[in-house]
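J.: Each chain is listed here by its residues.
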Amino acid sequence: MKIFTRETIVPTKGNCHIVNVTDIAGKQLEESKLKVGNCTVFIIGSTASVTTIEFEPGLILDFPKLMDKLIPAYSKYFHNDTWGDNNGHSHLRASLVGASVCIPFTDSELMLGTWQQLVLIDFDERPRNRRLVIQLIGE
Amino acid sequence: MKIFTRETIVPTKGNCHIVNVTDIAGKQLEESKLKVGNCTVFIIGSTASVTTIEFEPGLILDFPKLMDKLIPAYSKYFHNDTWGDNNGHSHLRASLVGASVCIPFTDSELMLGTWQQLVLIDFDERPRNRRLVIQLIGE
Amino acid sequence: MKIFTRETIVPTKGNCHIVNVTDIAGKQLEESKLKVGNCTVFIIGSTASVTTIEFEPGLILDFPKLMDKLIPAYSKYFHNDTWGDNNGHSHLRASLVGASVCIPFTDSELMLGTWQQLVLIDFDERPRNRRLVIQLIGE
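Heads up: the sequence lines are chains A, B and C, in that order.
Mapping of the first sequence onto this note's numbering: residues 9 to 147, in sequence order.
Mapping of the second sequence onto this note's numbering: residues 9 to 147, in sequence order.
Mapping of the third sequence onto this note's numbering: residues 9 to 147, in sequence order.
Any given hint could be a false lead.
Put simply, identical chains are the same to the list, so a pair is met inside one copy or across any two.
What the hints assert, rightly or not - Derived DMTMM-like pairs (lysine to aspartate or glutamate); straight-line CA-CA distance at most 20 Å:
#, residue 1, residue 2
1, K73, D89
2, K10, D89
3, K77, E39
4, K21, D76
Simulated from the structure, these hints should not be mistaken for laboratory data.
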């Protein structure tokens, strides 16, 4: 059993920008030569998340619209008072959607569905260089 | 340390059908003879999720009602325009609730609470045969 | 590769009490002497969650307020009819936010961001002694 951990910088536009990071994980898996095991995907930082979605133009608009409805950017947040920030909504979205996803792999391939992509969502209100961690444990 | 990965087909009725899959994981753990380790539960596909819930008749009605409130089926979704689909809400629910859960086990038992069951929730708008992956890593 | 699994009792006040448990995981990692691997954080029980958040006074008020908006305590829940309970909202919040988070570690440190803390959130409507599981797999 071996472990491979790698951090990749992913530039984003912020504001609920959804970035398809499936290939980052896939390439790392290929390079690791592992056949069977688990892939942990983790986002460092408190205003972004990782999840899975069908990465197509419609949902890329629908998901931000959903976030605007559930956790509006323009609302009263104590966080903004604390720091003079404007990203209280970004933090709340990140805590709700989550920082990690774990995907098993077999035959050297992630067990994702055909229309299921691994994505990083940046909820912050400005462009960021995100630190995405992919960790493979397997044999 | 060993790895056991198994895919199980779970038939669902769709429309927020919540299926108790605790026994599927429990049986696989028993057969693996592993004593201590981690159980990753992952759902293949972009319109279903896995999570934990107290599996009792009241919550089985409450959770779908919550989803109908937060992410209504009958609303405007760009996804539906893209594909001529009617399941934009299903995708959004799946991305929000999540595709994976990780449960430690010791003494050959999943460390779930007495009233905490592992469930697959199918958000699609039709019956499906779901591909559920259970992966055990341990010794 | 080794596995260390430990259960820690964490007293909470309930009612969306957010407890910073980063140090519990950090101390266990230190004691394990592991350098590289994965840390699974899992909450036993169906009315609490684990996630990451910037643990600061503003967000500690904002997150409960968000929960009150999305899943109000005072509403009609079938769960409450089933058991004569008043915590239907607690269960729904827990299923939505999730029971597990997985955090990679390298150089004997969790790969959390500077303003990203690991938290247990107790959604129940009364104080509880929560059973938090931290499991380390690595070398």
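J.: Work down the list of hints and note, for each, if the structure agrees.
T.: Taking the hints in turn, this is what the structure says about them:
1. K73 - D89: Between. Shortest inter-copy distance 15 Å satisfies the 20 Å Cα cut-off; intra-copy 25 Å does not.
2. K10 - D89: neither (46 Å within a copy, 45 Å between copies)
3. K77 - E39: So K77 and E39 fail the 20 Å test inside a copy (41 Å) and across (44 Å) alike.
4. K21 - D76: within (17 Å within a copy, 30 Å between copies)
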